[in-house]
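Protein chains: 2
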Amino acid sequence: MYDQLRFDYLGCYGHPHLKTPNFDRVAAKGVRFTEAYAQSPVCGSSRMSTYTGRYVHSHGAANNNYPLRVGEITMGDHLRALGMGCWLIGKTHMTVDAEGMARLGLAPDSVIGARQAECGFDVWIRDDGLWTNGAEGAYDTRRSPYNEYLKARGYPGENPWADFANAGLEGNQVASGWFMRNAAKPANIRDEDSETPWLTDRAIDFMEQASGPWCAHLSYIKPHWPYIVPAPWHDLYGPEHVLPAVRSEAEREHPHPVYAAFMENRVAQSFSRDEVRETVIPAYMGLIAQADAQLGRLLDWLEETGRDRDTVIVLTSDHGDYLGDHWMGEKDLFHDCSVKVPLIIHDPSPEADATRGTTCDALVEAIDLPATFIEMAGGEVPRHIVEGRSLMPFLRGEAPEDWREVAVSEYNYAHTPVREKLGVSARDARLFMLADHRWKFVHAEGGFRPMLFDRAADPQELTDLGGDPAHAGVIARMYEHLARWARRDSQRITQSDAQLDRRMRSGAMPKGILIGVYDEREIPDAFVAPYRHDIPTG
Amino acid sequence: MYDQLRFDYLGCYGHPHLKTPNFDRVAAKGVRFTEAYAQSPVCGSSRMSTYTGRYVHSHGAANNNYPLRVGEITMGDHLRALGMGCWLIGKTHMTVDAEGMARLGLAPDSVIGARQAECGFDVWIRDDGLWTNGAEGAYDTRRSPYNEYLKARGYPGENPWADFANAGLEGNQVASGWFMRNAAKPANIRDEDSETPWLTDRAIDFMEQASGPWCAHLSYIKPHWPYIVPAPWHDLYGPEHVLPAVRSEAEREHPHPVYAAFMENRVAQSFSRDEVRETVIPAYMGLIAQADAQLGRLLDWLEETGRDRDTVIVLTSDHGDYLGDHWMGEKDLFHDCSVKVPLIIHDPSPEADATRGTTCDALVEAIDLPATFIEMAGGEVPRHIVEGRSLMPFLRGEAPEDWREVAVSEYNYAHTPVREKLGVSARDARLFMLADHRWKFVHAEGGFRPMLFDRAADPQELTDLGGDPAHAGVIARMYEHLARWARRDSQRITQSDAQLDRRMRSGAMPKGILIGVYDEREIPDAFVAPYRHDIPTG
Chain A
1 MYDQLRFDYL GCYGHPHLKT PNFDRVAAKG VRFTEAYAQS PVCGSSRMST YTGRYVHSHG
61 AANNNYPLRV GEITMGDHLR ALGMGCWLIG KTHMTVDAEG MARLGLAPDS VIGARQAECG
121 FDVWIRDDGL WTNGAEGAYD TRRSPYNEYL KARGYPGENP WADFANAGLE GNQVASGWFM
181 RNAAKPANIR DEDSETPWLT DRAIDFMEQA SGPWCAHLSY IKPHWPYIVP APWHDLYGPE
241 HVLPAVRSEA EREHPHPVYA AFMENRVAQS FSRDEVRETV IPAYMGLIAQ ADAQLGRLLD
301 WLEETGRDRD TVIVLTSDHG DYLGDHWMGE KDLFHDCSVK VPLIIHDPSP EADATRGTTC
361 DALVEAIDLP ATFIEMAGGE VPRHIVEGRS LMPFLRGEAP EDWREVAVSE YNYAHTPVRE
421 KLGVSARDAR LFMLADHRWK FVHAEGGFRP MLFDRAADPQ ELTDLGGDPA HAGVIARMYE
481 HLARWARRDS QRITQSDAQL DRRMRSGAMP KGILIGVYDE REIPDAFVAP YRHDIPTG
Chain B
1 MYDQLRFDYL GCYGHPHLKT PNFDRVAAKG VRFTEAYAQS PVCGSSRMST YTGRYVHSHG
61 AANNNYPLRV GEITMGDHLR ALGMGCWLIG KTHMTVDAEG MARLGLAPDS VIGARQAECG
121 FDVWIRDDGL WTNGAEGAYD TRRSPYNEYL KARGYPGENP WADFANAGLE GNQVASGWFM
181 RNAAKPANIR DEDSETPWLT DRAIDFMEQA SGPWCAHLSY IKPHWPYIVP APWHDLYGPE
241 HVLPAVRSEA EREHPHPVYA AFMENRVAQS FSRDEVRETV IPAYMGLIAQ ADAQLGRLLD
301 WLEETGRDRD TVIVLTSDHG DYLGDHWMGE KDLFHDCSVK VPLIIHDPSP EADATRGTTC
361 DALVEAIDLP ATFIEMAGGE VPRHIVEGRS LMPFLRGEAP EDWREVAVSE YNYAHTPVRE
421 KLGVSARDAR LFMLADHRWK FVHAEGGFRP MLFDRAADPQ ELTDLGGDPA HAGVIARMYE
481 HLARWARRDS QRITQSDAQL DRRMRSGAMP KGILIGVYDE REIPDAFVAP YRHDIPTG
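Going down the list, the sequences are from chains A and B. The first sequence maps to residues 1 to 538 in UniProt numbering. The second sequence maps to residues 1 to 538 in UniProt numbering.
Looking at chain A on its own, in the form it has when it is part of the complex (with noise of 0.2 Å):
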């Protein structure tokens, strides 16, 4: 998993100047689907549904430093019962429940309470990259492998992270990525002590020493921001390979107003200038260049010691990034280029020889990843708890039966400004998003009127057609999904429906629960035994 990589950064997916060799070689391989939506266009509650296979409206952890409730049932839990370990190497920006894991007793140190709060990994190496001290103390206050690393390799002070591996040089000052103005210069940083790289050893060093069937989330912290990125990849693009911002004065005519207060947040602003542009996106372009890279170190690694053959790779990202798109920076909001992500997958065994280097157009969700990974572990899906579904028809070139009609994101930002400028409650700050093939509706609560566009006829989504009396049918329908959507059976998780099925087909009187019973002949002489006797005495 990359951070904020765009769907449409990549070669394979359409990028024009962009060249990702690697990327390209694995969906050669294997299958590209063309139509993946992130369950939330953040890190934090993204990932909090790929590893829960759960909706955000389900698992609640719902954006970043919303703590993942304790015991909620993650990727690793499942996996491992089924006789497969779950490792984390990189990010996640999973908050820890410590309140919940106080109420339960649970120590942080021992495995049940480590894997508690680590999302259901068992970590060979978590850094999340965002090493970062402000004003008022770090933003993440682990100790940071990253950092120790760089230490050890001859870095100096306190925070080479951010001093070097996140900056440029200005003279004998830092030069700090923070500060996107910096973004076209190199890191000052040796491209092998940089993250993407130093991640990717340890992906190998994990790789290495790994028996058994396993499942390794190497989670790149890059090419989100900090945008900056060492020589040689800093140059090998400049403004002439920077596409024309996809948006329209139209756009920001009669906004939203949910998407107006967006416009109005600095990155968006930022993200509307041509110079931010052209500075910012050609060393996100070299980040990606330099992923591709390490990908392909990972790639021949697998090849030269045959664990290709017995590998699964799964390329994907938590959400996109708008980068000036629609007037917008970051992500946050629906618009293909935020919430769609890249998800290319090849599965070695024969079974997949059909459909290798071909493209999938279903609509996927990140849920449906620990779906596929348990069916791959040889289990069967949880449907009561995991609400993807398992991927695998589709590698296999199999149509399932009633794959979902839409697929649906949301978003929550009940703590961040926006909230305030548009005066609405924390429980009310929310956004739904509801996309078809044809459609793509979003709702947001608090008394707004909903966005919608038409992906055929407006695939660049420049058209808001929200408000448009004549597409009243097609929002009726929208919000019948929405609803049957917000019902569904989310929270029954301790009783499988085959359970279910058992109890229904015995009843209760098996064990002595006799209902409406008037008479013993009622009954079958088998339920009327237990009752038929003398009165005991002592």
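One or more hints might be untrue.
To be verified - Restricting the straight-line Cα-Cα distance to at most 27 Å, the calculated cross-link-like pairs of lysine-lysine (DSS-like) are:
#1 A/K421 with B/K511
#2 A/K29 with A/K19
#3 A/K151 with B/K511
#4 B/K29 with A/K511
#5 B/K19 with B/K29
#6 A/K511 with B/K151
If you're looking for bench data, these hints aren't it; they were derived computationally from the structure. Predicted model only: the values in this text are computed from it and were never measured.
Following the hints, complete the assembly by docking chain B onto the known chain A.
Frame of chain A, contents of chain B only:
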């Protein structure tokens, strides 16, 4: 809490024959709620909502023996954190999430584990009152404190609950209360040894030793079936006191398919026979009369000890009992007699003087009880966890702002033979009721039309308008309510509104996360400072 006590089978709620002077005594000094709804018309799910303050759709324990997921936050968690004990005396119908506890390594014999296993209560005594043994074993395999008591009192045999407390005599044979034809017989037990007096004794034992602020859930199994009661209660009422069944031939003509399927259940068929009603209802009334007498003992004890002056009394039930109304037996569906509950609250504090002896017709729900108790314990209701609202304003004669416009109740029949009859999937075997003061609306998943009753024109709920095009507007409005309710923010339990407010106001910049900053001059110096320094040297 009384189990299966119909709201209208109390004197103060208008029963013309049944005398309940002690319930009426509490009503005379408290507030009687006339529109109180169970969150589910069946024990387990109703109670799990009462104990958590959360809708069934939120906690997922959707019927009897659907375990309450480990870690679900309960009344006990909230109250103990406020320095108030929270004790169980009687029944919960809670099923432990043993798999979840094992997954988290919680030992049932640890303090935390035991509370998890008892939905947050500390157990003074637990007895669910269903000590039955069928052809394939016992319904409840725990130890039975009540059976132990009976044995100690000299009742012989393995299961005096079944053979004496819940059975009459037929010659020298046990005449089991499970067979309703025996309901008119006196139970073969001394009154003072039967379940209601026994549990009342336990409550007095508890109060005699209790110190510090406490909440005690005194939870009687009766008047729940088996319908049988010892002398003198067994013949206090006779067929002449049985009200005519509230039902019409029209109800059986074109019933809603789900209603039709429930009408076919044995218990519905039984209670549709006058002979059954005339035998069972007097026993049911006798059980209530006995409960009333025992309530009198408790009230007397409180008055004699002066504890009436600092003890709040809340009388309610978990759901009602059809008793043949609407051609139904038991509960399960949403006619008033099944889904409404009595609710009487006596608050001895002077602030409540203004409302003594009054009624309140606000739409209140069982989930409001824990919210009320939290406020009584001096806390603030954590609205990101507890979905109910405190009833304190009603006790003080205040009208809370923005009180709910609809009450919601749910029913899951996935484990019942009704599902097989209807041919719906486990996840579609779910019903949602919405009631306001005028309408009662029921949505059934699985492609059925809704049900609708006009409570004003048809207070007996005999005419289902759910298929009537003339009511399409009301139905659409109810679907709108249901959709909004279903989308509610119910799982964001790890982030309070206050935490979100704080984050909204501070942003991430103080912690060093600078998003969208192109140039240092765009932000205050304090946020730039951490990045303005020379390259470290080592």
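Hint check results:
1. A distance of roughly 22 Å separates the Cα atoms of A/K421 and B/K511; the hinted pair therefore holds under the 27 Å criterion.
2. With a CA separation close to 18 Å, the supplied pair A/K29 and A/K19 stays within the 27 Å bound.
3. Among the hinted pairs, A/K151 with B/K511 is consistent with the structure: their alpha-carbon atoms are about 23 Å apart, no more than 27 Å.
4. Of the pairs offered as hints, the one joining B/K29 and A/K511 is violated, with about 43 Å between alpha carbons and a cut-off of 27 Å exceeded.
5. Distance check on the hinted pair: B/K19 and B/K29 sit about 18 Å apart at the alpha-carbon level, within 27 Å; holds.
6. At roughly 23 Å between alpha-carbon atoms, A/K511 and B/K151 fall within 27 Å of each other, so this suggested pair holds.
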